[in-house]
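For the record, the sequence lines run as chains A and B. For the first sequence, the positions run 44 to 334 when the working numbering is used. For the second sequence, the positions run 2 to 334 when the working numbering is used.
It is possible that some hints are incorrect.
Taking lysine-lysine pairs in the DSS-like style, the calculated list, with each CA pair at most 30 Å apart, reads [claimed, not checked]:
no., chain 1, residue 1, chain 2, residue 2
1, B, K148, A, K62
2, A, K243, B, K95
3, B, K79, A, K243
4, A, K243, B, K131
5, A, K243, B, K148
Because the hints were derived from the structure by calculation, they are not lab data. Since this is a predicted model, take the numbers as computed values, not measurements.
Read off the chains here:
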Amino acid sequence: MKGLRKERGSSGFWGEVLKEFKKNKGAVTGFIVFSLIVLVAVLAVFLLDYKTQITKINIPEALQPSSWKHPFGTDQFGRDILNRILYGAHYSLLIGLCAVTISTAIGSMLGIIAGYFGGLVETIIMRTMDVISPIPSVLLAICIASAFGQSLISLMLAVGIVTVPAFARVARASVMSVREEEYIEAAKAIGASDINIIVKHVIPNSLPPILVQATMRVASAIIVGSSLSFLGLGVPAPKPEWGGMLAQGRSFLNTSTNMTLYPGLAIMITVLAINLIGDGVRDAMDPKLKR
Amino acid sequence: MVKEKLVLEINDLVVNYETDNGTVHAVNGINLKLKQKQSVGIVGETGAGKTTTALAILNLIPQPTGIIKNGTIIVDGKNMLTISESDLRMMRGKGVSMIFQDPMTALNPVFTIGEQIAESVRIHEGVSNKDAMQRAIEMLEIVGIDKDRAYDYPHQLSGGMKQRVVIAIALACQAKLLIADEPTTALDVTIQAQVLELIRSYREKYDTAMILITHDLGIVAETCDEVAVMYAGVIVEYGTLEDIFNRTKHPYTEGLFNSLPNIIERRSKLTPIPGMVLDPTILPDGCVFADRCSYVIDTCRTTFQKDIAVSDTHIVRCSRYQEPGFNIKRMIA
Ligand SMILES: Nc1ncnc2c1ncn2[C@@H]1O[C@H](COP(=O)(O)OP(=O)(O)OP(=O)(O)O)[C@@H](O)[C@H]1O
Ligand SMILES: [Mg+2]
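The following block holds chain A by itself, in its conformation from the complex (with noise of 0.2 Å):
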């Protein structure tokens, strides 16, 4: 058998993806960008020391500008920017991971059961994404805190709540013209039973609008994110969260910028290495799509 394992220049659809993704020069820069504030994340997490490096007060050393010691520079406590952007990078990480995880599960599983089954059980479920999706998630997030407490996992189902009327709408979509589609017919026609169709052919070839949906909404996820905590809503102080810190250096615009200046930045070069990945996974897919 194994000797029948030939290469023949190509790996299906999923080889293909990959080749036409690593000639996307933005998207390769994304994600080499993206790969190393993960590794940051990660090494700051286990390197820094929470207590002592990230949330010990300073006050000697507050409102410091850049410096050898402080590359840059200090907030109003004398904490270490650079050390709290580091240890920060792992919540924005988290929330928009996790959030978009769990929309993505929730939303497209509800959007293929919509999608295939049709009738009264695609009415139901669509229209009570309808209910959902008006919901502004800074009220959500807000009902969510209250309900149990201010903290990360608050603020992952808030902002993935939200978005899981838009996984399913692409999904239910997706799963819609894939439905359509003759070999559908053909797996019925050998007997395949509705569960064996829904893994072995809707899912597959209704995943590449749901993934590259799934990479876009990671960096809205962030922002989201951010902006609750930057509205006390979100990850709670001393924590260094990056909207977080955002919000504290409001008051110190006029004395110290790198409060706001990094933590924005930040959030910036995140945001833009995941959309440079999300565009070079939709353009890899795209034209594999028509096929």
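With chain A fixed as given, assemble chain B with the ligands onto it according to the hints.
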């Protein structure tokens, strides 16, 4: 003569599609019987309801628009319209399998062709993945594709090869009845011949009964024992090859022959059937072909058309054959 066991028995099948523009009467009372090894060709122009009939046999009429209004469909002793969902899945692929019209879209782009053939084996035989793959490779060889290509994806194959894979999938479980819906329309003529030969030799080996749906009377003449001529959801004439080709009775069948190019006498004119296909949302009281028929009389439009047996094997649905001495004048080359 011992009564042979029927592989397929369709009684008075009526299928409608409820669309926004009204009810489409796709199939209007079809009867069809098929014995083991037998093959019947269904011919008729586009929209005649051929694919609909085929899908009905698998109980796969697209929901919720498609509705089987009436009739029974018995495949290998099982009523396809009333058996349980799980029995139905067993019958699909094992009792009756179908080769679809368009090979370009009948394969899933994200799986290798080997996996797709193996899938059909796995569903019905409950064998391990490895054995299923082994069978898939055997099937590929049967349909004349190099076994190395089992790990190719559909987009790496030519149209003819894709159609062979589609056939391999349909044949993998040795169904009693094979339905081939225009299996060669998408292929060029040389490949057409090969594909038909492939199906023929396979049927010989496993005694498979077959329904071959096509526009092409030539293919029917080569592959089938009997012919059903379909028009507007009705079988207007049914008989053996001899009956249909040499003792044509129905004006529509005649029209079909006259609209074929004549090779023997090249100067003879092509005579298209005048008029247009019936609007499928209107179900006439009388004959479905009345508006385009050159033998039409007033009663054709008002009387319900019954099957008239011309001989043991030959049935025509034209009330004018009740008149003694009536016959169409076929322009035979
Ligand atoms: N899913 C559907 N919804 C509504 N109407 C349909 C549907 N499928 C087929 N029809 C209609 O039913 C009638 C019969 O269609 P069918 O596909 O059975 O024709 P056919 O004989 O296979 O034609 P062709 O030779 O073009 O394949 C046509 O009028 C068609 O428009
Ligand atoms: Mg058809």
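Now the hints, each set against the structure:
1. A threshold of 30 Å between alpha carbons decides the hint, and for K148 (chain B) with K62 (chain A) the separation of about 26 Å falls inside it, so the pair holds.
2. At most 30 Å may separate the alpha-carbon atoms for a hinted pair to count; K243 (chain A) and K95 (chain B) meet this at roughly 20 Å.
3. In summary, the hint linking K79 (chain B) to K243 (chain A) is supported, as the alpha carbons are separated by about 28 Å, within the 30 Å threshold.
4. A hinted pair counts as satisfied when its Cα atoms are at most 30 Å apart, and K243 (chain A) with K131 (chain B) qualifies at roughly 18 Å.
5. Distance restraint check for K243 (chain A) and K148 (chain B): the Cα-Cα separation of roughly 23 Å lies within the 30 Å cut-off, and the hinted pair is therefore satisfied.
Checked against the numbered hints given earlier, the structure satisfies every one of them.
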